[in-house]
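Top to bottom, those sequences are chains A and B. Under the working numbering, the first residue of the first sequence carries the number 9, and numbering increases by one thereafter. Under the working numbering, the first residue of the second sequence carries the number 365, and numbering increases by one thereafter.
No lab work stands behind these hints, which were simulated from the structure alone. All of these numbers come straight from a predicted model, not from anything done at the bench.
Within a straight-line C-alpha distance of at most 27 Å, the following computed DSSO-like cross-link-like pairs (lysine-lysine) qualify:
1) A/Lys766 <-> B/Lys491
2) A/Lys766 <-> A/Lys713
3) B/Lys415 <-> B/Lys506
4) B/Lys491 <-> B/Lys558
5) B/Lys410 <-> B/Lys491
6) B/Lys558 <-> B/Lys506
7) B/Lys506 <-> A/Lys409
8) B/Lys491 <-> B/Lys415
9) A/Lys766 <-> B/Lys415
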Amino acid sequence: MNRKRPLLPGELLVGLFAAFTLSACGGGSSPPSLASVAVGPQPVSVVRGAALQLQAMGTYSDGSSADVTTQATWTSSVVSVATVSSAGILTGRAVGTATVAAKVSGLSGQATATVTLPALASIAIQPATADVLPGEVRQLGATATWADGLTETVTTQVTWTSSDITAVTINSTGLATALVGAPLGNVTITAAWNGKQSTSTLVVVRRVPIGPDLSSDPLAREQWHLRNTGQKAYADVGGTVGMDLRLTNTYRLGVTGAGVRVAVVDSGLEIAHEDLADNVVPGSWNFVTRTNDPSPSAADPGGDHGTSVAGIIGMVYDNAIGGMGVAPGASLNGYNFLATQASATLLNLVKSLGGSTANPASSESWVFNQSFGVDDTVPSLSDPTLEAQYLDGVTHLRGGKGALYVKSAGNGFRGFGPVAAPADCTLARALGVSCQNASMDGENTLPYNLVVGALNADGLRSSYSTAGSALWVTAPGGEFGLNAATFGGGRAPYAYQPAMVTVDRTGCAVGYSQTGETASAFDGGAAPNSQCNYTNTFNGTSSAAPSLTGAIALILDARPSLTWREVKHLLASTARRADPAIAAVVDASLAGGPYVAEPAWTVNAAGYAFHNWYGFGAVDVDSAVAMAQTLTPGQLGTFSVTDWVASPTLTLPIPDASAVGATSTLSIPATPRNLIIEAVQVDVTAIHPAPGDLGFELVSPAGTKSLLLNIKNGLAPAAGVQMVLTSNAFYGETASGSWTLKVVDGVATNVGTLSDWKIRVYGH
Amino acid sequence: MAMGSLTRKTILSMLLFVPAATWGQASAPTGLSAGARAALVQAAPKGAPFKSGGQTYQVVGGLRATAGGSATLDQTLSAVGAVSTDLVEVRGPFVIYRAPSAAGAAPVSAMAAAVNQSSTLPVVVNKRTGRLGVAANVLIVKLTDVGTAAFLAEASGLTLDFVAERLGLAFYTVPDGRDIQAAAASLARDSRVKSAEIEIREHFAVPM
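Bound-form chain B, shown alone (with noise of 0.2 Å):
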């Protein structure tokens, strides 16, 4: 609950006991109920698992998240050619939605990409809870030497976002087009890099 943002509404519903609409999110509608939404994630095909934050996470071939922004959740479906009938949930400020594609057998994508000027990321799994989260087209990478960490980025085709130096980190983007678990694993195969992470957003953060 946004505390903080006490409209009417949002008093109203604190008051009823009843969680107000989160910052970020929409209100309605909410896409697939929870079994539905299981049920679904059990029959998609899913990539190879992989590890982040200390989660392993599998890509959910077929469906696809894009940020809501401003927009209505229509408008938002409607931008990366959807309708509300492909709705699978709305988690924080993405809209996970079947992609059209992928009717039968979708294939099992981990590309970051624009369908009609609207980036769109993989969907992943969490395999310990079953939730649905996102993965971002950001790298978390720990470095051997962080002074190699503009070479690696030129040499691999991503960009060099941030350098935390004391904690050995470099933060990259794959670029849309790219397949971001390939990049991830390509790097974690280079000697220079202990550790490539794909960014998961599964938890969102929210005023209090």
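Only chain A is shown next, with the shape it has when bound in the complex (with noise of 0.2 Å):
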């Protein structure tokens, strides 16, 4: 007889009876009787947490065999491997094995069940992300989830690896290493087992993160240029989301300027600022008084320049007062070489730059901030005692890394010029040019200088940012801040737009904030600046060089074995296009033309893409940083400069108000090394009465044209003009080759000649 009932769903049958039966007497004539049991099916095994129907089979005295299974006691021996219901019913409750028997009319048959593990549905490493610091140690586990919903520690079974073992390390039981060095960022750690795999992300990170939505400070949320949510910054119009120095990732790593020296070469600094104190360190100098407190004199009640600037590089974070600086960590010191008319000289101006070892100790200050320029009609060119300081200073200061010299590009995109006798910029407002042109200062024609230009809340060009070829990248530098409740309506809407939040001198009797002050609410002292302690109104490129020296001191706290240029060159290759479907500027009234005056973003052979009114873009500090990590040292080469390659005397007439212009060609040799290029300097000389006229390009070898200065600039008249034009839009192309200066006269009336040029070319 088969009186097998039919499979249970999932059950597992095999269909062997084997021998573990137990006999019975059989025989004569009367009923058969039970000879023996036995249990199946053979062998006996299930899964942890299955079922499987065992089955008990009866064997009579006459041979025959019936089903028993019903009338059979079940029993386990050991119930916390396996368990047989009444109905013979085998469940899986731990990996081992049991003896299960069956007993019928005082007859037994037993089985030996095995308990085997069920599939492995998956394995988690606990935690599944974590922040590490450099040197920390941390235990990562792994757990095993079955198919039966249980799980199980398998830390010591799996096997681990590191996605980068230069910076992370796991050994074969989960325990992880951030290496002492490491590059910040994400290391990926998996565990694999039995064909599963998981992943945990560690985040090599310097500190704790930070951020203006952590802060304590009140008017960390206000300071768009941290993290631009439209916020109005006391001003009457809020900005544009996103439009920030791209702050998200790299505050999230704890990179916070920490160990970086910042020296604020301006008119001062008032290191006992309630949101500074603690960032200033000794090394202060105070040209004036020669003593080591650069902070303003109690006599001059108006705003201190330099006090603003080095609040937008390191109001202290997350000291429930005022608001942060873009590298909180960072370490200032004030030189105020610009506090007085007596103090501006150029020997305090070298002593400010990392000249001084001691009073000022600017030695050992690893970025200067110039939050300063020449303002003049006249060009002025590079100092040359200036010139050998900052080359002293890239070559020897941080330990032979350099310093980074951060300089505002000008203020003066729509006027500028000094009050005797200020700039004409009628035709460059009409035609919508830049009026100044950052290489009329001569230092921002010097490749040690990082000339910024400044963005206002919205992303785009600040109404007043001087354009030029010179500029390196823009950064955040604001509008104006007003309130039309307390100023006045009727100004351009820029006016309206958010300036910067930063510290102003303490008190309401005193700085850009105090009682009567109307330019804002804030700025006159309404609440949260009761005090008067902060302003909403600072401004300028002023406010875009520390809004990048704040950047390059994150950078360098991210990595600080970068060198100068290594800086520079991450800048250019991570800033991002701002403004970038921006057209160009055409002038239709020129013979020959019609004639692009500005051009729009152009991108060069080497594939870096550039604009003279934000030069490689919009400074992206994410980007930046996350670079950093994988540059590779010493991949930019030497430094070093060509000679000066120069033209005859050309006489070259110069076609009045024609986009013809007059043209000459310069060759660059290949030898003694047909260097890449990280900047290259013209200098013309032009007879023109009217030198505001005057606008001039250079192609490249490769083709690349670049605008080095904008007809209808404002330029003071004169018998003409000899300046040097700075480009960095050749940056990445190679030196050797034909060099094509184009100058036009883009207004009438006025004629003049080419006299001569030269050109030559810094780079590796």
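Now that you have both chains on their own, put them together as the hints suggest.
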């Protein structure tokens, strides 16, 4: 007889009965008697958590057999391993073996039941993500989850691997070690076992995460340059979400600028200010009082430019007052070279830019913020002594890795010049081009200076920001931050857009914010600025410079071994195009035109995009910090400069009011070395009674055109123009070959000639 | 423009696209017109050309400069015995004026001098740009060995202000009563000196 019932769903039946039987007497004419009982199916095996219908088969004395499952009394020798119900259903409880028995009429049959592991469903690592500091050791765990839903720690069974063993190593027991000097950022840890694997992300961080949203500083959330949410920053009109320095990931890594010493070369630094004092370190210098305290004079009630600049760089983080600096962990020094007329000497500037080891101890600084410049309608040439100091700074300071010099481009897009003889910007404003060019300040033409333009809270060029091919990047500088209700309405719309929220001299009797100030309610002492220790109307490329300085401090904190040129390279490589769809400015009035008076974004032969209003673009700190982690040291080679290659005397007529212009070509030889360009300088001399009429363009051997100086600029009437024009637009191209200079006279009446020009290239 | 110095006046000026009063500058009057100034300089006697910072300058006879400080323009001029009609130009922190004693054929003086306890300095013209500058009484001297800087100061009667060792430079102050150009020329002739230049103040840094 076969009396097997149908298989239960999921049951595994093996239809073999083995010899686990007990014999009984049989015979005669009496009804057959039960002779033995056997338990099956054999082998008796079940995965943990699953059930198996067992069967008891009775064998009778006449040799017949019958299913006696339901008559049997079922038992398990180890119920923690397997249980058997009265119906003979075996359930695996734990991996192991147990003897199961079926007893019928005093006869028992037995079998060894084996409970095996179910299939592995998944494994997981604990924690799934974690921050680790360089040098920190962290135990990871691995847990297996089986098909029955049970879990098991398998930390020592899995195979551990790291995606970057130069950053984080992991041993066979799951012990992860972030190496000292490990690059910041994500490392993926993988645990693999029995065909399954799981990953965990370890984030190598500097410190605990920071950020304006995490800070207790009450003004931090109004600092749009840190995280732009469209906030108004106490102005009338808000900006555009996301148009900021892109700091989220950097702050997430705990990068604060700690360990980076910043020199604020400016008018002063109120070292006891409540939101600066903790970041001010010994080494400041007052050139007027010859003390270590460059705080502004009490006799002057005005704002202190340097103090507000310092605030943008390094306001103290999370102290429940004020705001936070871009690099709130940076150390600050102030050198008040601009404090008075008498202090603003060449010697004091040399001392402030790293040329002094004591009083001031500027040689200890890593980054120099220069929120100043020459504001003159006659271009200055770089001072040889200053140039030597800059070169010394990039060569010797910071242990030979080179200091970073950050410099404001200027505030002369719409107007500039001394009050006695301001530039005539009528034509520039009508055309929509910059009246001032960054190269009009000779120090801006040096490759040692990172010249920075200003962005407003919409991520566009600030209304005043001086343009030019000497710009490197742009950074937040804001607009004017006015309130119509206090200041009055009717000004240009940008006047009511956010400026920068930063520190101001302490108290309501002095500073930009003080009793009676009407620029904004905030500056007049309204809440939350009732003590007048902060301002919301600081702006200018003076503000863009400390934004960039702070950004550089963060980059150097993230990777202190970077050289000055590597930092420049990172900034150029990661800047994002501001106003990417901006159109060229075209002057249709010129003969042979239309003439492109200001090109749109131009991508050079090395793939770098450049625009004279933005340089390589808006600073993107997160991208720069990320790239810093993978930058190969030394990849930029040795810095050098070619000799000047000069034209003969040309006396080349420049067609009046014509787009045709006058052109001249010079060739830079490939020997001794065909440099990869980092900057190009052109020294031009032209005779023209109205040099502001003239525009200069330079075309590289690769065909890239850079507008060096736009027509209708604000150069003062004079016999001519001799100036150095720097372009960064050829970055990454090669230097050798023919370079063509074109000079265009953009205004009718006055005529002139190109006298001569020369060119040299900085690069590697 | 001192964009950081947002007084109401400054903001108004900027929004009207007229440059605001630059740091360290008087607001008015501003002196001679560009044409009148050029004519004055053209007619004035001038000293021997000399180089500084890659530029060529000449001392302009009859003109002097004094730092304005916090005084009014009239006070500044008065302190050096001049009047408002003597004003030629305000250049950065300096007030350039016709020296009262310079009527007629004024001597060309490159001397640093105190007038009524106010320091006055020679005025120079940049031969390339035609612009006026001020010859500070500071010499920037490139030395063959900076170890000789103090000795040179003593030997020359100058005050050693600073030695920038890696630059190989020494900064000296020329005392009042000494001819600055002559002092530079004298140093330049010394075999221990590679070059000696007068610090010319022609362009002025201002907060941005």
